[in-house]
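Those sequence lines, one after another, are chains A and B.
Just so we're aligned, residue 22 is where the first sequence starts under the working numbering, counting upward by one.
Just so we're aligned, residue 704 is where the second sequence starts under the working numbering, counting upward by one.
Be aware that a few hints might be false.
What the hints assert, rightly or not - A short, non-exhaustive set of chain A residues, derived as facing chain B with CB atoms under 8 Å:
1. 32
2. 49
3. 99
None of these hints come from the bench; they were simulated from the model.
No experiment lies behind these values; they were computed from the predicted model shown.
Note that CB positions come from ideal geometry on N, CA and C, so glycine has one too.
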Amino acid sequence: MVDKYDQLEIRCSRLGGEVNFSYCRKEGGELPCPRIVSCWYSFFPIEQYLRESMDEKSWNTFVGQMSKDKITTLIELIETAKKRSQIKDE
Amino acid sequence: MEQVKVVLNDDEIPKQWYNIQADLPTPMKPPLHPGTGKPVGPDDLSPVFPMNLIEQEVSQQRWIDIPEPVLQKYLLWRPTPLSRALNFEKLLGAPVKIYYKNEGVSPAGSHKPNTAIAQAYYNKIFGIKRLATETGAGQWGSALAMACKMFDLECRVYMVRVSYEQKPYRRMMMNTWGAECIPSPSTMTNAGRQVLAEHPDSPGSLGIAISEAVEDAVTHQNSRYSLGSVLNHVLLHQTIIGLEAQKQMEKIGVYPDVVIGCAGGGSNFAGIALPYARDKIHGKKVQIIAAEPSSCPTMTKGPFAYDFGDLAKMTPLLPMHTLGHDFVPAPIHAGGLRYHGMAPIVSHLVNEKLVEARAYNQMETFDAGVKWARNEGFIPAPETNHAIAAVVDVAMKAKEEGKEKIILFDWSGHGLVDLAAYDAYFAGKLEAYELPDEEIRRALKAIEGLPKP
Chain A
22 MVDKYDQLEI
32 RCSRLGGEVN
42 FSYCRKEGGE
52 LPCPRIVSCW
62 YSFFPIEQYL
72 RESMDEKSWN
82 TFVGQMSKDK
92 ITTLIELIET
102 AKKRSQIKDE
Chain B
704 MEQVKVVLND
714 DEIPKQWYNI
724 QADLPTPMKP
734 PLHPGTGKPV
744 GPDDLSPVFP
754 MNLIEQEVSQ
764 QRWIDIPEPV
774 LQKYLLWRPT
784 PLSRALNFEK
794 LLGAPVKIYY
804 KNEGVSPAGS
814 HKPNTAIAQA
824 YYNKIFGIKR
834 LATETGAGQW
844 GSALAMACKM
854 FDLECRVYMV
864 RVSYEQKPYR
874 RMMMNTWGAE
884 CIPSPSTMTN
894 AGRQVLAEHP
904 DSPGSLGIAI
914 SEAVEDAVTH
924 QNSRYSLGSV
934 LNHVLLHQTI
944 IGLEAQKQME
954 KIGVYPDVVI
964 GCAGGGSNFA
974 GIALPYARDK
984 IHGKKVQIIA
994 AEPSSCPTMT
1004 KGPFAYDFGD
1014 LAKMTPLLPM
1024 HTLGHDFVPA
1034 PIHAGGLRYH
1044 GMAPIVSHLV
1054 NEKLVEARAY
1064 NQMETFDAGV
1074 KWARNEGFIP
1084 APETNHAIAA
1094 VVDVAMKAKE
1104 EGKEKIILFD
1114 WSGHGLVDLA
1124 AYDAYFAGKL
1134 EAYELPDEEI
1144 RRALKAIEGL
1154 PKP
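Excised from the complex, chain B in its bound form (with noise of 0.2 Å):
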């Protein structure tokens, strides 16, 4: 019998976050100000965040104190299991050992309760009394609904109306933890309002649903604004999921030669690589892949020779694949990745080399996510689904080179609130549209002299 499952104790989760701002090879430009040009100061964020908060998104100290009382919280689920997927590298059949941090353990079936909770104390003993978010088809809005909830501050979403009719369990869930979810574009705001005076029938958007959440929490006392990503002090609380990694493959003497999260916004990414980053940087050999959504289709026809994205043509061209060439996962750089809104930690370390960023298509990531739950049981959220098609892509290429590989990964969320989205993928509805002769011809006359891969 092998082992599976690597667990720490109660006392052995780690008392401290990692900010890995205290370590990066040239540190980040701070952000400006739209209106003065100026570096953004505490004043200009208090409005939406409670000052302790503001502190962390700004400080160059190494480790921060996890206060007591969010780790007392921590322990409901934490520390999470680290476990070998056994079954899945026997239908791999590659040279490679896998383990993953099951972060779809917690009450919320994901890892963004690692901030929600931290952000929910802080508020709570800077004074604050009710906290407003946005949420697209909720599972921020629940993990935050959950940790209001444990710290007694009352909690507000704004779900982006299109989610709010087509994810109900989701609403279901921040209902059952206390909060008030309400669909957005709303009555409530200003903002809502006049999106519904000018469109009644509005679908939504998260542009939408963030102005309103912003306005409702500066526009209400003893409120604050909260979000789940992209923001520094967010990755810095999800550094826990890395840390106790470490400790974890540090109890079995084992040491990953791959390190691998999805990233939407970063923030799970950040959470399983940022410990890892800062050995790379004192120069342990590890390689860190970011696994993002790309629509390239698994086809060998298809219209790219540059990053579409971009089309005012602002940023250099991202080469991916030409009609006519066996399909491969596309490279794509740092500027795509901030144009996809990535957290800007998770853009620099791509800048810096230290991370290499990859993007898969929802055909194969799916196709990944079902062979993991037939195999290891456990269904993943369709983002979990981006970084089991990076472990995939590594395991062939390992098998091919026979090469051994340790693969580390963060198994950020469970599935069992998206089983729609499995549902479409079956029905065949997520199908790269089959394009007509026709079309593929005029596509390819409009990308000639352009740069090929």
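Same shape as in the complex, but just chain A (with noise of 0.2 Å):
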């Protein structure tokens, strides 16, 4: 199941170019891109497949993501950068 669904291939309209399921899967590191359901529920029973190949705190953490928008993704990437950046001079 999993290797036959890794082979689809969608236009990311994120990134802008073609990837397939197998990206989509893994794009949030140990999470689904965010998307992932709305770009591929018409194509399989998406949400199905997840709740089957996730663990139930992964699929809680999966569906609980709040959208954010972008000045405030922003100003968390910055905090986050000098944080960094001070525990690496330290």
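Combine the two chains into a complex, taking the hints into account.
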């Protein structure tokens, strides 16, 4: 089942290029891309697939993600970068 | 012989950008600092943007002068032509006149340089020496690379690794314009090294690439970060598209009934639409459509009745179409746009009902794009195909209703560096997977009780 879906191809509207399902499945490192369901639901039962392939904790983390506006994201990244830089300097 | 192109002379180029924040019926809520919960201030953003751009980000001034050096660079390809798509009109056989702004004539092949050049200029005069950014497939990265070279700035682009390996031509464009293009995750930043330590074969993501670019800007002297979409100042710079279009249409004595742009992050859509949204706010009758991607298939079966993008069910349900119904392009609510990383200004205009959002799936957009290329010659970027699909949609509706319409849309870029996408389409790789009947039954059971359109 996984191998079959992994070969499916879609145009990623975020990247602006073609990717396989295998990319969407791990785009977020441990988690799938936040948009995986909205991109793939018409191709196969993606929600069911994810529920079956993820443990409960990962699933809950995945569905609990909140969309942030860009400014908020940038400010968080600035703070993170500053902290990383301070740790490195110490 | 019918006139096809409407051109402006160099000295007719608009000298100011339009800021819609001055005209919004209700003001936008300011973004809040995630740490303090208070409105974000200029100092919060100063590590990544120069103060002159931060001032534009929060400005309420209606018209903002375009600096002479920026205008001089714009003149390399601007004003862009406004063209009439006579051949496409003939193909559609609908009572419509279709005009398009050809932003594909820029050196980088898209609308992106409209803000890349402005951002490079403002950073330069603020004393910045180098810019860092992230890019997916490279459309933004290549535009910024070119703009930085024009203003003698160093440029480093973190390109998502999966695209870096698949899209060599954009990377080569960046290199040609003198930028450093780094596959992300990289060993250049702590953020990248951390990802590589955990996932050595990581294909990267936009999230990782943004983290790297921001860290790069924050940790290097005289460096800043640059973003090609979403933010207010980016949309401001793009308004030159719609302002030129207004002048051009005025020259031939026409005004559009419908204005269309494709909406990913919202910048090219805003470019064509915001000057017309101003007209609409002041009473002009004009329909404005943002065309965005959807994966709804053009087939009569598919298990969707609500917005599966919101699995946590924290936004209103989005009715789309149900099994057994003929496919109808799905209307999409503002929440849908917001959830897809849309510019706050565009989401706000949708909420205000000044803009209507429509979603088109990749099969119908490529179908529209191929028809366009075979009749108008220019091969559109795959994102531009969304706008063309919306044009077809509007034209067919006009035909059905027997109403004449003048349509204006933004042809946001050419697809000459995206031919692999067309190849995938022609090879049938983008077609929806045909669901086995057993899975359809199971999926139908799963959506029992949910509201149907």
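Hints versus structure:
Annotation: residue 32 of chain A was flagged as interfacial toward chain B, and the flag holds, the nearest CB pair being 5 Å apart, inside 8 Å. Contact between residue 49 of chain A and chain B, as hinted, is supported at the beta carbon level, the nearest pair being about 7 Å apart and thus within 8 Å. Because the smallest distance between the Cβ of residue 99 of chain A and any Cβ of chain B comes to about 5 Å, under 8 Å, the interface hint for this residue holds.
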